[in-house]
Structure formats: C-alpha cells, structure tokens
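Q: Residue-level listing of the chains:
Protein chains: 2
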Amino acid sequence: MSVKGNEKPFPLKLLVKKLDLVADRPLIVLNNSDIEKLELDPDESVILSVKNRNIRVSVLATKSLVKEGEVGLCGNIEEQFGLSEGSKVILTKTAGFNSIRCIKKKMDGQTLTRGEIKEIVLDVINGNLTNLEIAGFLLGVKYVGMTVQEVEYLTRAMVETGVKISFDKATYDKHSIGGVPGNKVSLLIVPIIAASGLLIPKTSSRAITSPSGTADTMSVLAEVEFEPDEFKEIALKVGGAIVWGGKLGLAPADDIFIREVERPLSIDPESQMIASIMAKKVAAGIKNMVLDLPMGKGAKLERREEALKLAGKFVELGRRLKINIVCGLTYGGQPVGYAVGPALEAREALETLMGKGPTSLIEKSVSLAGLLLEMSGQARRGYGRNMAYSILKSGRALKKMKEIIEGQGGNPDVKPSDIPIGEHKAVLYAKMDGYVKRVENSKVVAIARKAGAPRDKGAGVQLYAKEGRKIRKGQPLLEIYSERSSKLTGAYELALQFPPISLEGMLLDVYPKFIE
Amino acid sequence: MSVKGNEKPFPLKLLVKKLDLVADRPLIVLNNSDIEKLELDPDESVILSVKNRNIRVSVLATKSLVKEGEVGLCGNIEEQFGLSEGSKVILTKTAGFNSIRCIKKKMDGQTLTRGEIKEIVLDVINGNLTNLEIAGFLLGVKYVGMTVQEVEYLTRAMVETGVKISFDKATYDKHSIGGVPGNKVSLLIVPIIAASGLLIPKTSSRAITSPSGTADTMSVLAEVEFEPDEFKEIALKVGGAIVWGGKLGLAPADDIFIREVERPLSIDPESQMIASIMAKKVAAGIKNMVLDLPMGKGAKLERREEALKLAGKFVELGRRLKINIVCGLTYGGQPVGYAVGPALEAREALETLMGKGPTSLIEKSVSLAGLLLEMSGQARRGYGRNMAYSILKSGRALKKMKEIIEGQGGNPDVKPSDIPIGEHKAVLYAKMDGYVKRVENSKVVAIARKAGAPRDKGAGVQLYAKEGRKIRKGQPLLEIYSERSSKLTGAYELALQFPPISLEGMLLDVYPKFIE
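As given, the protein sequences belong to chains A and B, one line each in that order. Residues in the first sequence are numbered from 91 upward in steps of one, following our numbering. Residues in the second sequence are numbered from 91 upward in steps of one, following our numbering.
Any given hint could be a false lead.
Lysine to aspartate or glutamate pairs mimicking DMTMM-like chemistry, simulated, CA-CA at most 25 angstroms apart [said to hold, decoys possible]:
1. K403/A - D358/A
2. K556/A - E594/A
3. K108/B - D131/A
4. K377/A - D319/A
5. K195/A - E169/A
6. K489/A - E530/A
7. K178/B - D110/A
8. K153/B - D110/A
9. K157/A - D110/B
10. K108/A - E126/B
11. K327/B - E313/B
12. K194/A - E513/B
13. K107/A - E169/A
14. K194/B - E360/A
15. K195/A - D198/B
16. K515/A - D198/B
17. K337/A - E134/B
18. K492/A - E250/A
19. K127/A - E513/B
20. K527/A - E573/A
21. K483/B - D508/B
22. K107/B - E530/A
23. K153/A - E169/B
Just so you know, these hints were derived from the structure itself, not from any lab. Only a predicted model underlies this, so the values are computations on that prediction, with no experimental measurement involved.
Start from the sequences, fold in the hints, and give me the full structure.
A: What follows is the structure in structure tokens.
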C-alpha cells in the first residue's frame, strides 16, 4: 500500500460550497489549483477534518463548479459533520498511516499486537483507510486467522472506540450467529425473559446477507432507532427492549467493516464475527448471554465438532471480557417457522405470542429462553424450558411484548393482519405427490432477498411445507411477496430455476434399472 | 456478493452531457428521476454501454446538474469511448455476474474451471467487477493458491482477451520477476542480443512497487508507447526494441489487476504474477526467454529452494504455452549497480554501454545475455557469457542501442550528462570508519519512491558504496535526488530514520563484556 511513509501533511483551509451532487460514499469536488497545491496524484484521496473529526475522501477535479479555496461536498458529509455553505474545513494529505503497515503484517501471516490492532481500528473509525485497505485486513483475518488473544484485542479496541452503556443490575441477552432464515425467536425470547422479571436490553443488527435481521423484523412493529439514554430508559422501565445496535454507536468500527467490505463481498471471517458480537455486547453492558449456534445442512455450522469448537472460543472470550456465556446448539437445517422477511416474520412472531404458532418457532424460543432462566437461577437446571413455555402460554409474554412495543413508540394493539405485506404475490406449487425431503436455507434466502427483503419490509417468502411433511401434487409449497412487480418477477424466476423445496415419493429408486 | 442473481436488466437510453468534473475512476452523474427509473439502490453501480463495449460505473445523483434523460460523465469515460456532448449511451442494471460466484468459489478455497476463470477475466475486461470484487479474487488467489492448470487457464484467458502479436522468425526475450532496485540490465541485454543478430522485441512494465520499471527507465531515452504494428515494425527493422507493454493492449486484464488492486494493496500473488508475465510474453509472440530470478536477503526470493520451485513452475508453464524458458538465479541481496530511479538508471546504463560501468551491472547483464546466446545456438554451452561480454566491450551493443533509441524516436547521440536529474539533492554521510555490511533493497526503494520516483523521472538514489566496500567516517554513502523540495525533505528524513546502508568496524564484539 502507499509508500508515502511519513510525508509531512500539507494542510489547506477551504470553505464549503453547496453542490447539487449526492454520492453513496464520501467525495469532494476541488478546483484544479487547490489539487495542485496539495500535490495530489490522480488516484490519491485526502483527509477532510472538521474540528477533531477526520474522514478520508476521494477527490473530483473541476475548473468551474467550485472556485479556488472552495470545496464541494457529496456523500452526506454535510449532515455527518453538521456543515453548511461557508463552513471551514481542513484538507491534509494522507500521512501513510501506520495502520496500513499493520494490515500488511496480518496479510503476511503475522500476529498483531494490541497496539497494532488498536491503530487499525482507530484509522477505520477516523475514515483513514480505503475500503480496499479494509478488505485487505478482513481477508487477511479470514485466511490467516487470529489468535484468541488477537480477537480479544480487536474486541476491546472496537469497544473502546465507541459508546459504552452500563446498567446497575444484572443484564441478560440472547444472540444468534445467524445463517438460518425465519429466525425471529428474539421477538419471543425477549418478552418471555422480561416477563420473568429479568432485565434483557437487546441490541440487534439489521440483515447483512439474510432477508431480515431482528432489527429489521422489530422495525415493523415499533421504532428501533434510539439514543443510548433513551434505550437504557426504555429497557429499565419495561424490563426489555429490542433496538437496532447501529444507531447506538456501540463498536462503530464493526459497522464500517460490515458496510464497506463484509456485505459487498458477503464474507464473514470467523475472528471478526466473534469480535463483532462480543464487542456489541460488552459495549451494551451485557453480563449474561445465551448464544444461539444454528447447526445443520446449509447453516453456518454443518458439523457438531465445529459448533463446539466455536462455542469454546465464545465462552473463553466471554471469560476474558467478563460475560457469562452459555451456547445453545440449535437445529438450523431449514428455516425456523414458515415466514421469511421482515413483515411476514413480525406477523408470525405476533401470532405465536398470541397462542397459535409453529412448533419449531415455539420450541426454539422456549428452549433458549429456558437456558437464560436457568443461568439467572430463576429456574432449576432442566426446568427452564417449561417455565419459559408457561410464561408464553399464559399470555404474560404477549402482555410484555405489548409494553415493549409501546415503550418503543409502536402500537401495542397491532394485530398480525394489520401488518402490511407486499401486494405482488406468486405461488409455487408441488409438481408431484410426495414428502418434503429438504427446504434449502440458501435458496429461500436468495428468493426472499430478490423479492426485495430486507429493504422492502413487505417482501419475503411464506412457506407452506417443512421437511417431512406429506404433499399432494398441485398443493402450494411457498408464496413469494414483493412490493414491486419487477422484483417479484426476478424472485419468481429464481424460485423456478432453483426450487428451494425438494420432494420425493416413497419409492426412492428401482433396481435393476430398466434398459431403455 | 450481490444476490441480485439473474435480475432482468432494465436498459435506459441517455444523452451525454459535458460536465466540468474529473474523477480518477469511472463515475456518472444522473438525474434523480432516472435513478428512480433504474430502481437503483444507494450503493449500486450500473453498466454503461456504448456499442458493444461496457464499463461498470458508480452513480452520483443530482436534481439540476443534468436533466432527466441526460448523463454526465467523469473519469475520462469520454476519451475511452470517444463520446461527446449528445452521444447516446445505454445504462443497464448489473445483472449479478456469474463471475462473482466464481470469485466466491475461489475465496472459498475451491479450484476453478477454465470456463469460470474465463468468465472472471471477461468481466474484469468489461468493467463489470468493482475493485473490491477484484480484490476478493486476487486475495483468494494469494491465500488459496492456484494449480498449474488454473494458472495456465488464467494465462490463456488474459491472452485471449487482448491483442496478439506474432513474428515469422524466432523471438528472444529477457524478463525479471523484479524486487531488486537498480536492475537496469534490460537496457544492456536487449542491444547485446540484437547486435548478435537475434530478434528481441522486449515489452516491459512500468514500476508497480519499485522506483523504476524498465519502461520507466527507457522512457528517459526514447518513446516507449507504441501501437502494436509500430512496435513490430521497429523491432523487425532494428532487431530489438524496449517498449511499454501497457500501450500495446497485451493481456489488458493484467493491467487492471495491477492498477485496481495489486498496486494499491502492494500485493503480488505468485499465481497471478506468473500468469501476468507469461500472458504478456505469449501475447507478444515470444518463443524463447531467459527469466531473471533475483535471490537473496530482501529480494522476492530469499532461499534457493523457493527460487528453484518457482523456476520449475515457469518452465512447466512455458512447456504448456510453447515458450522455451531458461531461468537464471541471480544475486539480489543489494541493488544492481549504483543508480536507482529512471533518469539515474538510464545514465548508468548508457555509461556502461559506453565502456565504464559497475561490475555487478556488467556481470549480470552479460551472464543473462549469454544464456540467450546459448539457447539460440549462437554460442556453445558455457561460452555465451564471453560472447556477450565481447559484444558489449566491442561497442557493438552501444551502436545497436543508438539504433533502438533512434527507432523509438529518441536522440541516438544523447550523452549520460545530457539526461536531466532532479535539482534538489541531499547527501548521507558515514558516521564511522568501517565496512559496508549491508545495503537494504527495501529501504533504498522506499527512499527513492518518496523522493518522487518513478513518477518524477529525475528522482532517485545514487549509491556511493556497495557491500564489502571500505568506508571512512564522513565519506558520502548515498545521494538523494528529487524534483520537488517537499519530496526531498520526506525522502531525506526517511533515510535518516531508516539508514539503508549499515557499516561495521573490524572489531565486531568484545568478550567477556566489561561490567558497567
């Protein structure tokens, strides 16, 4: 990477000029004469500073759009820094950040020190690294790996560079490493645990590669974006909350890793995945957590051994970071429940809280909730699941969920049928009698995303059959919902090309084969 | 990466509007209404097509800079596609290229088929992949590696997607994997071989991470940018040529790999490095080649075993691609000769051709040239070096070099002293009497680049001492040249901080130590 080692920065004071130009990433427009002053190479980016905040921006050159001494801003830099026409900003040449050497070191297969990891995270936060350089780091981490020690340092660095929340009483949480569509269990577990009297201030993420993250699903029922104190207040008042972690500013470096590299390349390097989860929890002041590790064909974890190995890493990291962790290995070979996509999942979660929901969803929810009840001592070992189940069945969980929804500014009396879903629909039918052999996570995910999820809340997939279920020819297998006809078309074609549900008759094969 | 699987492209015809906006990468400005028509997500790029050529571009949104139905172009798309105000272009949504799945496959550790590799290379050429996606591929190649079979496919794909040159007579070439500063041997070897009557049409590269590539150094003496026929004509007329491969359009995918990812991340994955070299040679119609593998501390190859292993791969690939290859392992533990940087190296090469040059440069040049003479049968085994040496000493090589320079539009009578070098200078002096223990390649490179090389042709480092040389305190060790005082300052400070030349006295240590 840039060998501009320790070049003297060469600052330039400029006045902001409003430009009618919007970009998806930080971009500025400079007059040629200022570019000459900065001795910028064609592909060189610069650091824009306002007070003590920096951001690395690409440069567009112009002769007339902005005059010498002016800078035009795109990519909502204005909002981010609260700038307006005439505000002063400072431009400096990138100083060839030392973090770049640290990234190179990891790419070269070496172990990083606490200081080196901190430098990388700081430069990520300060916008000093290009997404290409961040990709170098994360792919280095993916292929070279990290020691538990390094993961701890990365976690601490991400926590230290963000907002920290703390509660005076014991806190409980549930988190999943994801990878299974339809996994809306948090919308059941949080109210169950809160109803039991424990404090469960859940911060969750939006979907990275899935059709709906917990935050996406919850956003259908209530607000999920809160300032740290609002979040804390709601959680303490109601006993539970389900908000989007992104708005709280917890471990912001993690959000940048995800946005700039992990989502576009759809990679999720294990070490960073672990650090990401732990950092958010440490920053949110969580002390006890049940970790859901979905396992099975098409899940992130296919074999029990790798699941247990990963569980061991989480528990060890929890020990180092003072979080009491219990991992639950759950069945992740097919979607949880029947609904996939924000609105559809919110509907299914609500129906289940109201008493009529699919067994897979209920069982997974009460089992994991049960582990939390046992960790807290509320239930004796082995009795947590039943206690959770009775809290759900008694309607206390539903009552608590209404409080949470109200606390987060939603309508507590919302009915499942009130929740709007995409008006464009297409149904996939069984081509034969038989039994459902397999429901493939990856295909269900691809179809739901192509239908518009998670961006379009009403988009998704409603399954009508799960594995083992007997099906008659012509019966519906699944229904696709979309908010845009063009997206429905794409999703439907994808479903026809790669059917997510495979059937087989009772007669599996014939031997000897007939000669044809 | 994008799960937009097989979404229907949604083409939009637009008229080019001239915009006073210059970017370093392909960028267009669209009116919000057209962005809505294309259903573009904020971070989504689109394919711009003119006739049958495509390029993937990022999008800036505006309300007023361009009207509905218009498109503003930045990043010399105009020149590239020969467009002007009012020309018609077509925009289509990216169709979720299959190559992205192939890249993912390599990142996941799998072996790619010929077809998959071809798809990746085609989409790179067509501008369908982001630099982040290309980085995913190259880092996958770096860490996962490639089989010889895959490297052959990659080489062929890069050749097939570019210009091919062929000669009716036997062709000879010399190439180096690089990594050693001051390696201007091609400027001696080409004229020596051409003077011997063999055809040596050398295409060379500009510096990627070094202070001067052969093309950079040659560009000081003559033109190096030619169209394929011009290049062929010059080579056939004079018997030799030294031009920049980049202008010829040979294996253009390789140029994109280097520009978009390898240079910015300063990585050089072995498989791609091999494919890159071989593709350029196959495309240039080379049939016989001597490959220089510099070996030693601070060179790309530190141990003989790895050098021999790499040599084996090149020879095997040469066999598959019908190029007769002989590898020469050379000493690369310190710079070749004393001059580092385009102008300084051109001076030294010229002086050496004129009869007064450093031994290391002369010996390396005639040894490698000798191997070519032996391959051609002009010299018997073991006599090539002496034949090359006499061609050099007789002045025939100089005479031939003048013809080459003239053939490439340069001044054949140029004197070393005519070559302009940076007017800003700084000298580093010895702080003690002693012997030069080490001259570190990486530090010499960093200093020369910070001084401005290779961009500033006059910038670089002139060494006054090589390993083993006796030095008195106060004698100059090296001199830094720069075209800009600001760059000289940076380079000088770097040299003081990381002295590239280390001395030691005759008394190396004392035992037992005195107690202090």
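Q: Against this structure, judge whether each hint is valid.
A: Hint by hint, here is what the structure shows:
no.: 1; hint: K403/A - D358/A; result: holds, 16 angstroms
no.: 2; hint: K556/A - E594/A; result: holds, 13 angstroms
no.: 3; hint: K108/B - D131/A; result: holds, 24 angstroms
no.: 4; hint: K377/A - D319/A; result: holds, 19 angstroms
no.: 5; hint: K195/A - E169/A; result: violated, 36 angstroms
no.: 6; hint: K489/A - E530/A; result: violated, 35 angstroms
no.: 7; hint: K178/B - D110/A; result: holds, 24 angstroms
no.: 8; hint: K153/B - D110/A; result: holds, 7 angstroms
no.: 9; hint: K157/A - D110/B; result: holds, 12 angstroms
no.: 10; hint: K108/A - E126/B; result: holds, 23 angstroms
no.: 11; hint: K327/B - E313/B; result: holds, 16 angstroms
no.: 12; hint: K194/A - E513/B; result: violated, 34 angstroms
no.: 13; hint: K107/A - E169/A; result: holds, 14 angstroms
no.: 14; hint: K194/B - E360/A; result: holds, 16 angstroms
no.: 15; hint: K195/A - D198/B; result: holds, 22 angstroms
no.: 16; hint: K515/A - D198/B; result: violated, 35 angstroms
no.: 17; hint: K337/A - E134/B; result: holds, 23 angstroms
no.: 18; hint: K492/A - E250/A; result: violated, 35 angstroms
no.: 19; hint: K127/A - E513/B; result: holds, 20 angstroms
no.: 20; hint: K527/A - E573/A; result: violated, 30 angstroms
no.: 21; hint: K483/B - D508/B; result: holds, 23 angstroms
no.: 22; hint: K107/B - E530/A; result: violated, 48 angstroms
no.: 23; hint: K153/A - E169/B; result: holds, 18 angstroms
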